[in-house]
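Engineer: Here are the chains, one letter per residue:
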Amino acid sequence: MKSKEAIGLAITATAIALLLYELFYVNLTKGSVGVKGTISSDSILISAGFLLILVGPWLWLGDVPVAVKKFIEAKTGRKL
Amino acid sequence: MYPILILLVVLLLYGAAYIFYGKKLLERRVVKADPKRLTPAYEKFDGIDYVPANKYVLYGHHFASIAGAGPIVGPAVALAWGWFLPLIWVLFGNIFIGAVHDYTSIMASVRHGGVSIMTISENVMGRKARYIFLAYVWFALILVLAAFFSVASATFADVPTAATVSIIYMPLALLFGILVYKLGFDVRQATVIVLILVVAGIAYSFYTPVYLTYEGWVVVLALYSILAAALPVWYLLQPRDYLNAYLLWSFVILAVIAPLLLPVVRFTGPAIITFVAKGSVIGAPAGTPAAGLDIAWFWPVVPLTIACGALSGFHSVVGSGTTSKQLSSELDALLVGYGGMLTEGAVSSLAVILPAALVWNFAAVAQDVGLTTDLLLKAGLNITATPNILRFAGAARFYTAYGFAQGIAWSRLVGVELFPQLFIGFRTFAAWALTAFILTTLDTANRLARFAWSEMFDWLKPRRPTLHKLVTNRWVASTLAVVIGAAMAYPTIPGVGRAYLVVWPAFAGTNQLLAALALLTSTLWVYAMLKVRGAISLLMMIPALFLWLTVTLALLVWLVFIVPNLPLIYIGTGIIVGVSVVLDILLIYLFIRGLKSARAL
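Top to bottom, those sequences are chains W and G. Each residue of the first sequence is one higher than the last, beginning at 1 in our numbering. Each residue of the second sequence is one higher than the last, beginning at 1 in our numbering.
Worth flagging that the hints you see were computed from the coordinates, not collected in a lab. Among these hints, one or two may not hold up.
Unchecked claim - Below, in silico cross-link-like pairs of lysine to any residue (SDA-like), each with a Cα-Cα straight-line distance of 25 Å or less:
#, chain 1, residue 1, chain 2, residue 2
1, G, Lys182, W, Ile16
2, W, Lys79, G, Lys469
3, W, Lys4, G, Phe561
4, G, Lys182, G, Ala203
5, G, Lys596, G, Ile536
Modelling step: build the complete structure from the supplied sequences, incorporating the hints.
Structural biologist: This is the structure in structure tokens:
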């Protein structure tokens, strides 16, 4: 596994953990995520999870899916 | 007149337009779409922006991006003229102008390697026109970003469960992309899995509010926009917008079913209230002298109020921006461009105007269907304080009318005593649908700003390649547009509201000037480059000139009647409208010159 992929995997795992923790544990114990009208630690954590989940899988799984790449090469005759 | 008749007429007209006007004329005789020709998605494949997409996926993306709040809020505001005039404008403006504009913008871009309609204007109107319009579009897109940061942040701060839906929805869209592209799942299997999770997520978010301040959401959404606009399209944009299409269709199908369940309910709203509404209807800021002036003549100013549902310049930027770079086959463009626009018209007419026309007078409709005042109060509707739909502001008019129409329709099946719960449930669903479209438009607008920015600096490439690479780097370009947009959405100006509002009133004119630019460019492209001549060329020439005339007069109404009656703080708005009028005149000059050159060939 390349370092970029390892970082991506770590970010993905962190993001999922943050989202699950906030959406289930925090919500079920406190009745909401965050406090109305303020920026709380819970609202920061869930926002971080939301943003990190966008980046993590992309670093982990790479830019171009192999299936798409092969399809384009077959259709255009161009080596990608 | 019963709503079901209008519903049938609208559906019939859209169906006929798609087959006869779109397929038989535009696709076969004007553009001559050829499935064998390779599209830019293949020719310039880069795995980031140029990636071929399934036509239904692309339809979902195109629709969700062009929809935003426009097809919903605009027609809701236009109800100030009554419901009939906006309905007619949406129907005919959409079929003969908007859908033609969207489809030909996509096709012109596809035939020019996926570049924007602004860059194509160079071929028919000259190099200067291209750079002027690229800069103009880039600025307009930043305004869109500022407005949508503000609207989405305010909605999330006010309706915290809507924020939860988005937080749950995005990872599920990513999961769909990974299932299909990385793990090789069949699209249908992946759709079923992810849609089940989406429905469960929506149900769970009812009980999971996520609280953050307006300012906090601006920052989070700005970061989201930078990431989403720079990531590969297959990864987030395509799967998310594909799933959005299901949301959209549930929303429209429910709107169609409601009148079927209410075949004997009459319209309670006035077909025509006035031909001349107040200045506020065309964007004059509330509280200013201009807002109270009787200057909003239905024609020519209606495009300033109803944009996306009938025609909008932003669509040409989307069509020749993200859509043309993902088109797999030229034959897909009709469904995506022409069909996408007709669907948007259906949202405006069937999900906004018709429900409002139906439930307009709350007391009358309550009497028709046997709703008691007590049940209405339980639903939060006080018909003494708000006797009709016009008492609500633009977006609330839409939620309320949609929720009310659905509530009375379904309560006929399950019992009238359940009306309050049904009303509240459907009103929330409508609010979520609006938010989903806004969020999609937010990152598409940033991606488009990046494209416009890159095309603006192409002259730098042969001279300073390293600098060009830095300036047009996708992260740099995405961040630049977002920082400016977010900075305009963040601070508050006393007496105005958020900072971007001092220039936002000019956006409607800017947007429709873009529509005129795109349609005139496409018309010239068809005439000069595709060599389509004779009566068939009038299919585009007449709508293009009608649109230019309408937009010109509308801009002049703004310049002559509204700008002088605005406080000094709105000077930026006045300047933008003035610049737009100048560009508008320049545009018709360049068009006529281009037309003469083409004739001489």
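Engineer: All hints, please: hold or fail.
Structural biologist: Here is what the structure says about each hint:
1. Lys182/G with Ile16/W: Measuring from Cα to Cα gives roughly 19 Å; hence the hint holds.
2. Lys79/W with Lys469/G: holds, 23 Å
3. Lys4/W with Phe561/G: Violated: Lys4/W and Phe561/G sit about 59 Å apart, past 25 Å.
4. Lys182/G with Ala203/G: It is violated: about 28 Å lies between the C-alpha atoms, which goes past 25 Å.
5. Lys596/G with Ile536/G: Holds, at roughly 18 Å.
Checked against the numbered hints given earlier, the structure breaks hints 3, 4 and satisfies all the rest.
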